[in-house]
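Novice: Whole structure, please, built from the sequences with the hints as guidance.
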Amino acid sequence: MSKHTRIATLLALAIAGGGWIAASAAPDTPASSAPVDSRNTFAVIDKDGKRLPDYTIPSDTQIAKEPNADQINYGKRLLNETRRLLPQNTGASMNCNSCHVQEGKKPMGAPYINTVNTFPQFNPRANRVVSLEDRINGCFMRSMNGKPLEKDSAEMKAMIAYMKWLAQDVPHGAKVQIQNAWPIDTKLVPDPVRGKGLYAAQCASCHGANGEGKKDRAGDIVFPPLWGDESFNIGAGLARTYKAAAFIRNSMPMGVNTHGNWGEGDVLSDQDAVDVAEYFTHMPRPDFAGKDKDFPNGKKPKDSRY
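Just so we're aligned, residue 0 is where the sequence shown starts under numbering that gives the first Met the number 0, counting upward by one.
Because the hints were derived from the structure by calculation, they are not lab data. Even for Gly, the Cβ is constructed at its ideal location relative to N, Cα and C. One thing to keep in mind: the hints can contain errors.
[Claimed, not checked] Simulated crosslink set (BS3-like; lysine-lysine; CA at most 25 Å straight-line):
| hint | residue 1 | residue 2 |
| --- | --- | --- |
| 1 | Lys150 | Lys292 |
| 2 | Lys290 | Lys150 |
| 3 | Lys104 | Lys214 |
| 4 | Lys214 | Lys105 |
| 5 | Lys195 | Lys174 |
| 6 | Lys186 | Lys174 |
| 7 | Lys104 | Lys186 |
| 8 | Lys46 | Lys105 |
| 9 | Lys213 | Lys104 |
| 10 | Lys174 | Lys49 |
| 11 | Lys156 | Lys64 |
| 12 | Lys156 | Lys214 |
| 13 | Lys163 | Lys64 |
| 14 | Lys105 | Lys174 |
| 15 | Lys105 | Lys64 |
| 16 | Lys195 | Lys301 |
| 17 | Lys174 | Lys46 |
| 18 | Lys242 | Lys195 |
| 19 | Lys290 | Lys146 |
| 20 | Lys49 | Lys163 |
| 21 | Lys163 | Lys150 |
| 22 | Lys105 | Lys163 |
[Said to hold, decoys possible] Pairwise CB distance ranges, derived in the manner of DEER restraints:
| hint | residue 1 | residue 2 | range |
| --- | --- | --- | --- |
| 23 | Ser58 | Lys299 | 39 to 49 Å |
| 24 | Asn296 | Gln101 | 34 to 44 Å |
| 25 | Gln101 | Ala208 | 22 to 32 Å |
| 26 | Ala203 | Ala68 | 39 to 49 Å |
| 27 | Ala208 | Asp286 | 23 to 33 Å |
| 28 | Pro57 | Leu84 | 20 to 30 Å |
Specialist: Below, the structure is given as structure tokens:
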């Protein structure tokens, strides 16, 4: 098959939504040989290290079969259209799924798949155990530069319902073997000057030359702003160099490139990701009023913005 034919085939598969290849392993396969990423099927390991039946990322068409389908679909819409549907809670021109790629289903793109089953959990930044509702509200106040939701609100319950549906029947405490982000080496020394050039070459076409992002003609967000008044504030995880680099390494840029997968990232090297992250994370952005309460034990990460 020629190079051009192969590219055309990949594009056609992506457009048709059939680009995911299912693969599964026998339930009794030892945990040590569990597949980390087999496209849309992943091994599941319980808290004792026992192999459970594999997990397959579900199709959204299956939501209709659920007794609370309306609630799950509402949660899905809220995560996709957060700024438009919850303007009173979002100060930034961001949606939840601006950062949780492919509706929270993409490996190394901050997937939601293990979210429900890993909370409550200890949060180093807060230095306490937090609930899933706390974590979601943290995103609203930081990444969205906005205000928290009521914990018992219909909106909060709907978003959690979507995440619970996405987890399928994986038991609490078990973990689907899917990576949240690329393991960036924090010893890499960032070069913001080089990062500025990389941003212009790899990021500006979507996020704007001045980090302003892009909206469609209806005013809805297509690509979120990476700095400025409408971006996430300094309290957000993505305002940290190495946190941002771990995310963008295998999820950005989204588009057809001369190498890497279609729309999947894996275009930048680790050093590239660190350099471009250092550049845009240190551009002007909103302050975070609660920053003085973060890391009360004093163990602040070296890439913290404050």
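Novice: Confirm or reject each hint.
Specialist: Going through the hints against the structure:
no. : hint                        : result
1   : Lys150 x Lys292             : holds, 21 Å
2   : Lys290 x Lys150             : holds, 22 Å
3   : Lys104 x Lys214             : holds, 23 Å
4   : Lys214 x Lys105             : holds, 23 Å
5   : Lys195 x Lys174             : violated, 38 Å
6   : Lys186 x Lys174             : violated, 28 Å
7   : Lys104 x Lys186             : violated, 29 Å
8   : Lys46 x Lys105              : holds, 23 Å
9   : Lys213 x Lys104             : holds, 23 Å
10  : Lys174 x Lys49              : holds, 10 Å
11  : Lys156 x Lys64              : holds, 19 Å
12  : Lys156 x Lys214             : violated, 28 Å
13  : Lys163 x Lys64              : holds, 14 Å
14  : Lys105 x Lys174             : holds, 16 Å
15  : Lys105 x Lys64              : holds, 23 Å
16  : Lys195 x Lys301             : holds, 21 Å
17  : Lys174 x Lys46              : holds, 8 Å
18  : Lys242 x Lys195             : holds, 18 Å
19  : Lys290 x Lys146             : holds, 15 Å
20  : Lys49 x Lys163              : holds, 22 Å
21  : Lys163 x Lys150             : holds, 16 Å
22  : Lys105 x Lys163             : holds, 16 Å
23  : Ser58 x Lys299: 39 to 49 Å  : holds, 42 Å
24  : Asn296 x Gln101: 34 to 44 Å : holds, 35 Å
25  : Gln101 x Ala208: 22 to 32 Å : holds, 26 Å
26  : Ala203 x Ala68: 39 to 49 Å  : holds, 40 Å
27  : Ala208 x Asp286: 23 to 33 Å : holds, 24 Å
28  : Pro57 x Leu84: 20 to 30 Å   : holds, 23 Å
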